[in-house]
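Its first residue numbered 1, the sequence shown is counted upward by one per residue in UniProt numbering.
Derived from the structure by calculation, the hints contain no laboratory data. Fair warning: there could be bad hints in the mix.
[Unchecked claim] Pair by pair, the computed Cβ-Cβ distance ranges are: (1) Gly333 with Lys511: 54 to 60 Å; (2) Pro504 with Glu611: 16 to 22 Å; (3) Gly427 with Ser36: 36 to 42 Å.
Since we're looking at a predicted model, the values are computed, not measured. Glycine included, every Cβ here is placed at the ideal spot set by N, Cα and C.
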Amino acid sequence: MDKKYSSLFEPLKIANLEIKNRIGMAPMAASGLINSDNAFDQRAIEYYVERAKGGAGLIITGGVEVENTIEQTHTGIFQNISTNPTAFKLTAVEMVERVQAHGAKIFLQLTMGFGRSLFLDVVDSHPAAPSAVAHFSQPEITCRELKTEEVEFMIQKMIDAAVLAEDIGFDGVEVHAMHEGYLIDQFALSLFNNRTDKYGGNLKNRLRVAAEIVEGIKKKLGSDYPVTLRYGVKSCIKELHQGGLPGEDYQEKGRTLEEGLEVAAILEEAGYDALNADLGSYEALYWAHPPTYMDHGPYLPYVQKLKEVVDIPILTAGRLDDPKLAAQAVGEGQVDMALLGRGLLADPDWPNKVRYQKLDKIRPCLGCHDGCMGRMESGKKISCAVNPACGREVEYSIDSALKEKEIMIVGGGIAAMEAARVCALRGYKVKLYEKNDYLGGHLIEASVPEFKKDERKLIEWYKNELAELEVNINLEQEVDQKLIEELSPDEVIIAAGAKANIPPIAGIEQKNVITACRALMNEDQIGEKVVILGGGLVGVETAVWLAEKGKEITIVEMMDDLLDSIFVSHANSDMLKDLVDFHKIDVKTGSSILEIDKNTVSVISKNFRRENIEADTIIIAAGYKENKKLYRQVKDMDLKVNLIGDSKKVANIMYSIWDAYEVAKSI
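Work out the full structure: start from the sequences and follow the hints.
Following this line, the structure appears as structure tokens:
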């Protein structure tokens, strides 16, 4: 073991429970991994077991509901221990036994509810909160105030659920959530708690819910049974429905860091054995779920201060999938355990790869949220953009082929490289052809901004994997029908990518008009005043990148809002939009570029108002068009031709990888 990482592999005690190392799986809602009894299904079992096999010392499940009387969520959305406790136990026992067989410990996370943050499309009940406050996503709806006896009922259900968890064999429980602005957090925050009973008023009363839960569990199960708390040390609320960015000067409207430290000491005294600490709220979702625009380890400067006021262990996540950073945080005593969430979705073997010095084989998380949070937000099963087998570990595993085949792959982007990797793993003889002198496709340009550096890591990971698998890579080799006929492979996979869409605008041929791809690769060609045509993901990311370099930016977008053309997870879209405001980027929505004349761009709104904007450089970020030229030429040949990735349909990195994985594993 490399000594640089040895701190991650020392044991840790929570209460009297010894955990083999200091790497844990952060709790994430196991969206869709659920059976008809609202219990963990077989996919959920395999999902958690895979992370235990990968070397994590502690597994913390996603939040499990404890009642369905007050917050009546639809069946099949979230695991719920109260729907059918017997059925819940049957599947959970198997999961616990198998996780523990790999030397890991497992905690069941229990949630008391969502309150003002409740997703209204998945419930049959009116939202209820500590006080009559506005609902988060639909502020025109006022939440009803919970009655005192209802609060007591929910607290008892949390205690009952912990008793069942101990009976099942869970090594501990985690109370969710006095963080992110969920129900227990709403009780703790004066911003949302105006009660006059024993659960409102001064700080101690506002913390009574969290305190009575742990006191009740300890009374039932004894002081040695571990109970941890998911705890937000700071809310990062700038205003209602508005978060505060890293480095931004604003007055905290939720829990300040100072109050957070005071609260932590009270919670330790109440009986909690560890704090799983983070930052954020629904107002500042990008703090609770850090996207690619957030630095790795954003919580560390804050949560390490908890070590000064409490003696119980501090666990934290927050993009700690950089092994050096995680080891440093633990080794220097900033935290006691490094939790990985999305990092373990991308690569379940992260702990073992660090332990056995195989760091170049760690598949990086991109912070994109496309496969995890994004899928949960859009009502789909949880998975991972870069790991298609996440959440379907058994049925989507890669099997060896029964018969050797020669596979020809056209293209060198992400879809092509994933197809080559999977085909090679299955035992096929793979030849990849790329017309450029490099691999990576458009991800090369996309990874230029510093906040997209994990995409550079992904390219390097693919290069390393293909080299290890001895894939025959042919660069600077354009493929045509003649070459395919000469090589006569068993199957062809075409992943020729996409080309920038150039709209028919007068003056667009001028030298100061460039595509976003060209701009990203040629910063020196960009002037001080820049107009960007397109407010989709590429356009907005390019705008933020240039604004960080001091450029004066205007975005022109036809839609009524930025990022309207493609679904982007809320944490990512919220932070991007806040960064646009923070950098004072001028935004013209509901508008189009009418013409370009030298250093002037004529913009017209949907109300036919015309405006001239000075610009040294005009950047086109108007989307991409599929490159199907070769496919159309060869699709009727007497061999199987597969079309994948952006050359089939322009989408995001996730669907390029998923397309390639599905086709390659099915050949």
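Given a hinted range of 54 to 60 Å, is it respected by the beta-carbon distance of Gly333 and Lys511?
56 Å, holds
Take a look at whether the Cβ-Cβ distance between Gly427 and Ser36 falls inside 36 to 42 Å.
39 Å Cβ-Cβ, so the 36 to 42 Å window holds.
Kindly confirm whether 16 to 22 Å is satisfied by the beta carbon distance between Pro504 and Glu611.
With Cβ atoms ~21 Å apart, the hint holds.
Checked against the numbered hints above, the structure violates none of them.
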